[in-house]
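Q: Below, each chain spelled out in residue letters.
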Amino acid sequence: MRQTTGNILVVAALVIAGIVILSYLSSTDAELSRYNNGWNGTSSFYDQLERSGSTAITSYPVLRSAYPDTLIMVEPHYMLNGEEGESLREFVTNGGTLIVIAQRESANTILEVAGSTVRIHDTKLASIDMEYNDPEMVIAYQVQEHSLLEDVESIALNQPSTLTSGEALIQTSSISWIDANNNGKVDGIEKLGKETVMAHEIIEQGEIIVLADSGILINSMDFTVSERDNAQLRTNLVTSLKPSYDTVTSQPFVTEGILQAVTGAKSTTVIKILAILLITGIICAAYARKIL
Amino acid sequence: MKRYAAPAIFIGLTILFAVLLMPYTAEPEIYAIGNVEEAGIFKNPIALKQISQEKTADIVPLMQELIGSSGSIVLNVRLNNVEDIEADLAEYRRASKQFDNMVINLDMSESEIDDFRKNNTENLKNLEELVSDSATFEELNNLEIQYRDENNPEKMYSVAYEGEALRKKLEQTFADCQNTTAALAKSGEVVDIKSEQSEYSVDAFSEYIDEVNQIQEERLLRISDINIEFQEELSLEIEPPGGIYGDTINTTGIYSQTGDIPAGEPVTLYIDSRKYTVSSCNITGEYSIPIAIEKMYAGTHLAYTRVGDVFSPVIPISVIGTAGVLTLNYSVSGTTISSSGKLTTEARAVSGAPVTLYIKGQDTEKNATVDTDNAGEYLYETEVEPGEYTILSVFSDPEFPVSDCRSSESVVSITQSNLYIYIILFVITATGAGYLILRRRNRAEKTEQSPIETSIFDTAEEFLSSEPLPEISDTKNEITPAEIVAIQEYRSRYISQRTVLSPAEAAHILGEGFTAAIQKYSSQECSPSETMREQTAKLDDTCMKKAVVFVTLYETMVYGIDQQDGDELLSAWDKVITCMGDK
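Top to bottom, those sequences are chains A and B.
Per my numbering, the first sequence runs over residues 1 to 292.
Per my numbering, the second sequence runs over residues 1 to 583.
Warning: the hint list may mix true and false statements.
Some chain A residues near chain B, calculated using beta-carbon distances under 7 Å [stated by the list, open to error]:
| hint | residue |
| --- | --- |
| 1 | Glu31 |
| 2 | Trp39 |
| 3 | Asp129 |
| 4 | Ser173 |
| 5 | Val186 |
| 6 | Asp187 |
| 7 | Ile189 |
| 8 | Met221 |
| 9 | Glu227 |
| 10 | Leu278 |
| 11 | Gly281 |
| 12 | Ile282 |
In silico negatives: residues of chain A with every beta carbon more than 10 Å from chain B [unchecked claim]:
| hint | residue |
| --- | --- |
| 13 | Val15 |
| 14 | Ser43 |
| 15 | Ser44 |
| 16 | Ala56 |
| 17 | Arg64 |
| 18 | Val113 |
| 19 | Asp134 |
| 20 | Glu145 |
| 21 | Glu150 |
| 22 | Asp151 |
| 23 | Gly166 |
| 24 | Glu190 |
| 25 | Glu201 |
| 26 | Ile203 |
| 27 | Gln232 |
| 28 | Lys242 |
No lab work stands behind these hints: they were computed from the structure.
Just so you know, even glycine gets a beta-carbon here, dropped at the ideal spot from N, CA and C.
Pulled out of the complex, with its shape left as it was, chain B reads as follows (with noise of 0.2 Å):
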């Protein structure tokens, strides 16, 4: 019982440290070196990930550039370089977006970083209005003179009264861009952004406002002398005045004219010097348009009908922001990240309108937009590696009138497919499996082939005739007397000792004495590992059946099979040692 006390100490001790060390297997304390993030005043550079980033040398030229960007874009406006307006317009765009996406990965979106960004969105609006009202003044100015060399006063009219549509259209962008620009200044001024370049650009506004104005004055001088008999009225009634996203404004109005008026006659509505869409009087010329509120941005519009060359009143719309809200909810499939969420504001769905999603990992960052549908609800899905990601959403454009809002951030952590190490567990289970059923058909057919069975079997005859005896060796030797004498000594001790001794172990000392004999028989080593059948096989014919009596008889001794007082065993043991010593 002693000789397991220590491996048994050992193994509950190997347990029990198991055991203890488990909670810091994850975090192993012994290597605390590079868990440790901070103690004390310092943070553990060992601990944390080296990333050598400088983003001001990023950020701040590309602030400088988008500056910058609005002077040549104004300039060519002035110049009416169309192709050059539309290659700067792109740029500008580009690296607006850039810029975008790096406050939001940075996290800057609360910093005066982010309201340049903001500044810097609305001043690429004015942009896009400028050079879209350019072109449609530059448009009418080609009319006029068309108009003129036709020597068509009506039309002549109508095109002042666009251009004076349009004038106020570019003079309120105007005002716009000089907020606008004195903001984005003020904001790159924190990190140390030049806005001598963003004054230019107001200053280059001006004069072709100047140059608007002109153009605009010098058309209504020459009209002033046409005398036309307007015999048609349109009136542009707007109820109510103003609204939010998701309101519906009422245009109304009557065009009446001398005569009848046909059925269906169009009129079309202008918003912004922009068609808005086209309906039709009545019989009696009442028209009715409703302008639904969405993607408008926040500010005064101005609109006005027109039937023909008839125009009506120049009015103004007032939209006013509302603040967004935007939810963001996500589902991991394998993989896969499915992100989904929705825009609203004041409960209302926002549709159609762009949500950028931003997926942040440790070393990856993606971003993708989708527009919201009709419920205002948006979906992405993309595929990543395995690892923690922060996903956010954002809503940002001022074209719509509602103001820029994010999700709150959600974490996902995408983990490793189980499938490989399903694999592995698969693959060294099927080749333990295969292991062990090839190792017991390989021993059964040692065993059909082999004359050594373990079994124990209850008699003789049994052990006889299961199994064919191996050809014994010719040169085998008798026992000499002497040997016999050194032989019955083990008779004596079992006779002895059988008293003291368990009938197992008292057996073993016959057994002992049976396995002498044999060697001197047979004049064969006894392996240590061979069992008492392996060593009987060894005998001839003579001695085989009382060996075998003995064996089986010695076998249900030692494994406990039948307990006997030993003197069948005892007297089986004299026959097989006196059939090999009269050998």
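Only chain A is shown next, with the shape it has when bound in the complex (with noise of 0.2 Å):
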């Protein structure tokens, strides 16, 4: 009787551990990743996303035979390629809105192959106005009215960037800065004034709007930013613009092997807490069996 129960609980504890290390290693703790569940992942925006019967966009040609409506970027990061470009322009001057949301100036070379004149500018937006306990946790308010800021008054941003050109949708309050010296005040040669977090610009018939910071994305700042209308802004982009989105050079799709996910999870807690987890429960399994 004692052996049949240590039998089980020694199958038990292989089992749990086994789903453990499975769920573990299919998803991913990347930043901005779709398939990444925590606080830094954007698998609730994209669940959204997929909910209300948006289309993932796999390649760019596509644009030219069924384009959409608008097309959401996220940190795009690489060079499209001459026909790629010209797929992306040719939606946007036929009437086309192109969402690029990014804050790296890496995103800079889509807005240039689109035709857009409005500039991503990597910097440290420091504001007096901030939703959490830290001056880049800037709040933006809209200046200008936009259909994609329905509702929306202000928002939470993580660590923005700044824009330059084009017509601003949202800016940060009087009391900002650029950070330069990264101490969380201003000082020095630092300057005070509006910044432009959000712009747009009409190119042709189309339309390029531009959010210097993917951070609204992110699913910690889904449920925790009560206080501002970053709900809404979400609800906009997922309802209000019959929207699809790039699944080719956006930074949330971007996968890495498998061989480097566990290399990563061999260096977190998790795993030596599973494995001082296997070692108790290979105990007790031997000592279920009389071994000890």
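Two chains, two separate frames, one set of hints: put the complex together.
A: This is the structure in structure tokens:
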């Protein structure tokens, strides 16, 4: 009887350990990843998009044949080739709306290809108006009406960059600054003033909207920002413009090999804890089977 | 030995894991989401405190209000609405103080907002000067009317002279005001402050100066017709012509008049049209008045002396501003923070200067202003809740020729008083100790009532004399021959195994047989928890003595008090079993 119980315990321990390890390896903790359910992933936003019937764009030439109303790109990270670039530009000039949500300057190549003059500047934007106890968790305000900003008065940002050119849609308050020395306060040559974090530009029949903060899409910025209109902005993004989303060059869809995931897993405390649990399980089983 | 191996390993592993996990208990990574404030390019809002701070909405309107305050004050000065002036000035001071605190608490003291704060402080000082000087000027106007009615040309001349000094002072204040207002507007522009109101105040000030000039010109014109034979003269010299905080400037002069000069003729020194001090001339008319540069703003001040209706020339004094140095020390006693420090400039202690202390906690902000003593030192004590606080002291007062300065920030941690923990530990310990004492006492009482004793006696007599025997049940059965045979099997086992077992283990066999015999003899069940002596108590007097002899020997064998060969034990066993069998 005791031996049977011991066997059951061993099997149960191994099954639980296996489930935990598999579940861990099948997800990722890469920031912005669509497959990351953690605080810095974007699974919740893309789930919302998929539930609303949005389609994934897996190649740009498809934009020519059956182009959507809106295409959302998040932190686009590589240069488009000639045909891809042409497809994207054509999509915009033919009346499409391209929404680029990015805070890295690497996204400027996409904007340039699409014909926009708006540029992202990867700066340390800080403000006295902050949603969280950190000047880089900036609160920004709508300064011009736009269908995407319906019922959106202010949003909380997560270390946004700044924009130049285009028409400002959302700006920080006047007591904001580029924190050049990254000390969290305005000093030295740092100047106060409003900074644009969301702008748009009309390109022929189309429109390009740029939001210089991909941080608003991460999971933790969804449910924690109760005081601002972040949720409304997401809803507007998902519902009001019938968008498709880019999976070609957007960072949330970058997947890396399992080997890298395992390597990363080895360095995490979770794995250490699992190892401890596994050892304990084995000892329990040994005890149950009277090996000890 | 094997039976202890597993628990020992478990205990060992438990200790090992506890030791391994100990470093993580303060910041357990298994629930890391709330502890990771930043990773990659994002900050984790779950780990950060949500404050929803929108201070621009507080600061910008306050700045606008400050800029707007000047206009109404100057206008009321022009209209001579004394009550409104005081109310407006009080409100301006309150708003300025609030703004100053806000700038410090928001750590904006190196920004353009702080430039605005400094300009605003300067502007407030200018307005206070204006209000004071305008009141004096108005008083002079009234005096002139009075002296004109009295037909007192000497007094009218004095009024005109003082009015002239005041006009110069007002023109200087106006010049300062123009500069400050321009700087205020410029520093306000960065946060979209509208500067029209500040320009309006300058315009109003300018108009007021024109009015003062006109009144003063008319006054001078009126006394130009008066022919007074001045027989007196009052000279004034100032050496050195200026200085910094802590310097002493000597004002000297001679009062000469025809005839004798009465000893102790009072000489009054005025600085910026305000009475500074009163001294006296000696019999030769000489006087000397030292001016200590302390609470005198940096810039040009106008000084003159007066003996009766005789005035000296107006001489400028130049006060130069110097950099201040403010230190901060703190000590903690329980939940009381004691902050102290010293304000100096050019290694001189600055006395009577206001120092504001800012004590900023996670959710609280506290500030208080204390004055420095003669040694330039300040002290402030306050009670706070447990937590971490940042302490900062700031000096900012344009009335002193010492520039704004602040101490370095100090972080102080106030821990929860351990008193409660000590009390809880004491209660737990006391409760535990009390429980143990009561338990021991109860046991002792039970022992006194109970015939059962677990102590080991060396002899049967000792055992018998120490324990009253319980009454034995009347309904006991004799042991049948068959049962005797069964009990005798214990004897056989003992004999066969005594050579291979230890004496104690072998004695256990006889003990089991003894127990079985008592159960049969007394018809009472013997519980496994009962000791051999408790079982013996079930016997009557007939076999009691023999049983006690056996038990005494049994205990010496089992507890290793005396190692014997076992024959004596077997003999005692035989006797008591036989006794029970005979019965």
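Q: Hints broken by the structure, by number, lowest first?
A: 7, 10, 11, 12, 19, 24
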